[in-house]
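With chain A's structure known, arrange chain B on it following the hints.
Note that the protein sequences, when read in sequence, are chains A and B.
Per this note's numbering, residue 1 is the first one in the first sequence, and the count goes up by one each step.
Per this note's numbering, residue 1 is the first one in the second sequence, and the count goes up by one each step.
Hints in this document: simulated from the structure, not taken from any laboratory.
Treat the hints with care, since some could be wrong.
Because identical chains cannot be distinguished in the list, a pair is counted as satisfied if it fits within a single copy or across any two copies.
For lysine to aspartate or glutamate, the following EDC-like pairs were computed, each having C-alpha atoms within a straight-line distance of at most 20 Å [claimed, not checked]: (1) Lys140 x Asp89; (2) Lys277 x Glu250; (3) Lys26 x Glu206; (4) Lys262 x Asp114; (5) Lys30 x Glu77; (6) Lys277 x Glu77; (7) Lys26 x Asp338; (8) Lys320 x Glu206; (9) Lys301 x Glu19.
Keep in mind it's a predicted model, so treat the numbers as computed, not measured.
Protein chains: 2
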Amino acid sequence: MKAAVWYGKHDIRVENSEEPIIKPGKIKVKVAWTGICGSDLHAYHGAPVVQVDEPHPVTGEMAPLILGHEFAGFIHEIGEGVVGFSVGDRVTIEPVIRCGNCNSCLKGMPNLCDQMGFVGLHSNGGFTEYTLVDPHMVHKLPDNITLEEAAVIEPTAVAFHAVKLSQMKVGSTVAVYGVGPIGLLTIQCAKAAGASHIYAVDVSNERLHKALEIGATTIINAAEEVNLVERIQAETGGGVDIAFECAGAEVTVNNALASIAKTGQVVIESIIPQPIKVDIMQLTLKEANLMATIGYRNVYKEVIAMIASGKLDVKSIITKKIALDDIVEEGFNALTNDKSQAKILVSTYKA
Amino acid sequence: MKAAVWYGKHDIRVENSEEPIIKPGKIKVKVAWTGICGSDLHAYHGAPVVQVDEPHPVTGEMAPLILGHEFAGFIHEIGEGVVGFSVGDRVTIEPVIRCGNCNSCLKGMPNLCDQMGFVGLHSNGGFTEYTLVDPHMVHKLPDNITLEEAAVIEPTAVAFHAVKLSQMKVGSTVAVYGVGPIGLLTIQCAKAAGASHIYAVDVSNERLHKALEIGATTIINAAEEVNLVERIQAETGGGVDIAFECAGAEVTVNNALASIAKTGQVVIESIIPQPIKVDIMQLTLKEANLMATIGYRNVYKEVIAMIASGKLDVKSIITKKIALDDIVEEGFNALTNDKSQAKILVSTYKA
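Only chain A is shown next, with the shape it has when bound in the complex (with noise of 0.2 Å):
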């Protein structure tokens, strides 16, 4: 089967790889669609997100690797032992690999595990036909969720998840700083728990129409606006209740705190992998807090819901499908350079 594989820094090949054979305990999915995920980007341009050196501690798996951890698709053959799923199955991966002993995975915090990872960066991946998965990775699709809006539902547990830790409640003001994919997921989310207004920040004004588009109230070029700090706080009388950082950088954070009203959250969706400053006087005069959350745990079923009830449009950050050989150029490529992309799908039927 064909497969787009990463063997390191800036060279994900797509090659013949040897179709995976049905184990006890595992399904075996038919891959539909794959998104692309910032953290694909990441592992692409060479940042450690991939398991290499040595195998991971749960998984055994090591690069190079099928890269691809958004994906949804149908079930292909199921391995002895596994019930509750039928051939055929429309389904979408919940890909998050944890031990299952550690005291996160014990007090049901997967996404906390000591050694937590994903299929697709910690084992082969949905960059290709057929994938290897475990079962309690599996959700079955209702009818009328398509395996397009499926293939997104990975990253709208993300923006779910951080919504429903933050301190937000009906009513509340948010500002979304950095509106790529999980900013935009994360505009429907909050959309969706109630918020009276959302601002989206962003340098770029494709992005921020497609945020208006999806439900943002105002839009704030940051290039454009340099005192959008003194708007945002003018405007909502004291600062937004909650601000959601994910842009993952230095500014956009003390920007995000600058910009909360007394009392207020920001919730960092970023990965921030080295230390930046931060104004700490704008959590202390305003008694605010600052968090940052990591993937998702126990929201699947909820986002299966939202969307297939129409509480959350995910289909509208789709802004390009792709063929898996196109992968490199018309994907990591065009994410790189193309500011009006959004979220791009691989398709794997013709692969």
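Same frame as chain A, but now just chain B:
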């Protein structure tokens, strides 16, 4: 009357000051004891914490000002229109100045008032014989609280508020970084709140022994134990639930972040005026949060009751009692140079 008046950096003069005359709506307090606060010390060393150049919008006062906001004494005279108090009442002062009209005040959060100030920093304070205060600042004392203890109620309220605002629950494990007066009182409050284990971290063995005496279960000298974070992580099986940062340094904030458990919390009680480098990954990989508190609100009655019933033993943080005449040498200079000092009380009886 004699008073300790702040004129500027390293310029606090004990001099004669005009005794204030009672006014309608005010209460004249005869001061018994006044504690020297960290912010008084900051004022002495020139930090911008005193009202200068223009009158404070609420009090109309500005430097030179009589310092001192941690005080207790007797009601000496009652202004026209003030009810509910009697001359001779033993009282402690809640020295928060607030406008009463902003969003924060209207929401019951005077410590977040847009024009928040303190008696003794933004109006004449307690390092003297008599001072005028507003009735809302005056709390009557039960008979079994001494006036020395009553002078420590204000800093106790700071620690108590921080513990109340934190995510602490009975049984939580706690670390306190920096065990000056606020750190020591935080240990007391965390103990009263049912902490199952309390680490005290500081660089002074004298302070650490005091911490052990008043409720810490483990003390760590950060100057001697470089792997203190690893030790706390190992001993607690993954970190403490909450770390209170009472030292005000970049290193202690990051050590606090590194020593908390997954879903843990760092509460900054110190004032950190300059931006500091923060390792955001400590928040991300733990889904932890960093918050800060300032002052207190709506806790004086509870603090008074906790001290009266013996649940908070605050008198043990008093390390020295001095006369007003000696405030610079025996007070400010002693606190600057002698790390064994925690709370110094200034007597104004014979001033």
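Verification of the hints:
1. Lys140 x Asp89: This pair counts as within: shortest intra-copy Cα distance 7 Å, inter-copy 71 Å.
2. Lys277 x Glu250: Classified as both: same-chain Cα gap 7 Å, cross-chain 10 Å, threshold 20 Å.
3. Lys26 x Glu206: Classified as neither; 42 Å inside a copy, 60 Å across copies.
4. Lys262 x Asp114: between (35 Å within a copy, 10 Å between copies)
5. Lys30 x Glu77: Answer is within: at 9 Å inside a copy they meet the 20 Å cutoff, but 85 Å across does not.
6. Lys277 x Glu77: Intra 51 Å, inter 51 Å, cutoff 20 Å: neither.
7. Lys26 x Asp338: neither (38 Å within a copy, 66 Å between copies)
8. Lys320 x Glu206: Classified as within: same-chain Cα gap 14 Å, cross-chain 66 Å, threshold 20 Å.
9. Lys301 x Glu19: neither (30 Å within a copy, 71 Å between copies)
Comparing the model with each earlier hint shows violations of hints 3, 6, 7, 9; every other hint is respected.
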